[in-house]
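S.K.: Here's the letter readout for the chains.
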Amino acid sequence: MSGPDDEFDDFLSRRRPLFRRPVDDLQPPEEVDRVVLRRAREAIEIERPQRAFRGANWGAPLAIAATLLVVFTVVLHFMQPSKVLPEVSVQQVAQPVAAPAAPATTPTWRGDSQAWLAQIEKLRAEGRDAEADAELAAYKREHRALAVGPDR
Amino acid sequence: MNATLTIDGVTSPDTPARFAPRKPARRVELVSDDEDAQLMLAYASGEMRAFETLYSRHRAALYRYLVRQARDGEIANDLFQEVWSRVIANRARYEPRAKFRTFLFTLAYNCFIDHCRRVKARPGGPAIEDADAADLLPADEGGRPEAVLQRDECSQRYRAALATLPPEQRDVYLLHEESDLSLEEIARVTGVGAETAKSRLRYAVGKLKAALAAAESP
Numbered sequence: 051m052s053g054p055d056d057e058f059d060d061f062l063s064r065r066r067p068l069f070r071r072p073v074d075d076l077q078p079p080e081e082v083d084r085v086v087l088r089r090a091r092e093a094i095e096i097e098r099p100q101r102a103f104r105g106a107n108w109g110a111p112l113a114i115a116a117t118l119l120v121v122f123t124v125v126l127h128f129m130q131p132s133k134v135l136p137e138v139s140v141q142q143v144a145q146p147v148a149a150p151a152a153p154a155t156t157p158t159w160r161g162d163s164q165a166w167l168a169q170i171e172k173l174r175a176e177g178r179d180a181e182a183d184a185e186l187a188a189y190k191r192e193h194r195a196l197a198v199g200p201d202r
Numbered sequence: 013m014n015a016t017l018t019i020d021g022v023t024s025p026d027t028p029a030r031f032a033p034r035k036p037a038r039r040v041e042l043v044s045d046d047e048d049a050q051l052m053l054a055y056a057s058g059e060m061r062a063f064e065t066l067y068s069r070h071r072a073a074l075y076r077y078l079v080r081q082a083r084d085g086e087i088a089n090d091l092f093q094e095v096w097s098r099v100i101a102n103r104a105r106y107e108p109r110a111k112f113r114t115f116l117f118t119l120a121y122n123c124f125i126d127h128c129r130r131v132k133a134r135p136g137g138p139a140i141e142d143a144d145a146a147d148l149l150p151a152d153e154g155g156r157p158e159a160v161l162q163r164d165e166c167s168q169r170y171r172a173a174l175a176t177l178p179p180e181q182r183d184v185y186l187l188h189e190e191s192d193l194s195l196e197e198i199a200r201v202t203g204v205g206a207e208t209a210k211s212r213l214r215y216a217v218g219k220l221k222a223a224l225a226a227a228e229s230p
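Those protein sequences? They're chains G and E, same order as listed.
Residues 51 to 202 in our numbering are what the first sequence spells out, letter by letter.
Residues 13 to 230 in our numbering are what the second sequence spells out, letter by letter.
Hints in this document: simulated from the structure, not taken from any laboratory.
Heads up, a few of these hints could be off.
Said to hold, decoys possible - Covered stretches of chain E (in silico footprint by chain G; criterion: 3 or more residues with CB under 8 Å from a CB of chain G, positions within the stretch not fixed):
1) 52-60
2) 63-69
3) 87-93
4) 96-103
5) 202-208
Even glycine gets a Cβ: it sits at the ideal position worked out from N, Cα and C.
Take these sequences, add in the hints, and give me the full structure.
M.R.: See below:
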């Protein structure tokens, strides 16, 4: 039985020797060619915008989440100070009191030499001689500094 | 094996002029022996010219196969477009596990079987186009009047013999004739073992030879 087997294997190895000629005229119609190529082109052209749109699909939820986060943070920021404000104001008031802020305690009468002298007289009249002496010494220092400062 | 392929340089000798490349060459790196698979991957990544090359290579063989299976030009046209539509639709999922030609003719075979299921019958009777007449004689006899007459007679005998083949034998025979696939690949396409495919092909060829010999004898 090797004869038919060999003949058939020879047929297989030669490929198409029996019923074909090298050039076959059977071709698909040109219209079919155009349809296929148009579909192929459209498929990849449609795909490109879809890819760009896919980015927006996950970008939109991300943008919404970021917006909500910002809004929530802002709302929280404006709600928090209304509760904490009294405590903060007490601290702010307490700190200047504890600090030795000498310029803040300067009496108003020292701005005017007549008022300053009147205040000294008033202190002596009230019997507060120590304070009157201290004010007078300060008055003299002030006015001596003014007298000798720019001219010397 | 790595090689470099110029898409413009891979058109087959019988490629029609309308498929001849027009734009400057673009280079595609090959990573396997199957250039068609690389062209398919290039098309999947957006290279239309790769598809044009692929199409020009396989359109004629695929069309012949479908015409001879369907035995009706209109049905063959529809099936032809359906096969390529499936190629296009599957481009993103395509993986070059086998030759592209195997992939293509598997789609063609499945499209034809689906068609037969839809119409609940396989086409019967000889209705192949007259172009088949040219297949039956050597090319050097093609121009003489007696050769033309003999060609017509051979064509009729051939079509009649082909029509008498059982469907599974005709499937294997037409795939062997038109697809250039090996027996193992034909077996994969038709979903049978390689020995079964070889046996069917052997029977088909034997019946065709016998039919043609009987018709030639006085």
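S.K.: Examine the segment 52-60 of chain E for residues whose CB is less than 8 Å from any CB of chain G, and state whether their number is three or more.
M.R.: holds (count 3)
S.K.: Verify the coverage statement for the segment 87-93 of chain E against chain G, using a C-beta to C-beta distance below 8 Å and requiring 3 or more qualifying residues.
M.R.: Holds, because 3 residues of the segment 87-93 of chain E bring their Cβ atoms closer than 8 Å to Cβ atoms of chain G.
S.K.: Count the residues of the segment 96-103 of chain E whose Cβ falls closer than 8 Å to any Cβ of chain G, and tell me whether that reaches three.
M.R.: holds (count 5)
S.K.: Would you say the segment 63-69 of chain E counts as covered by chain G, given the rule of at least 3 residues with C-beta under 8 Å?
M.R.: holds (count 3)
S.K.: Counting residues of the segment 202-208 of chain E whose CB is closer than 8 Å to a CB in chain G, do you get three or more?
M.R.: violated (count 0)
Hint 5 from the earlier list is the only one contradicted by this structure; the remaining hints agree with it.
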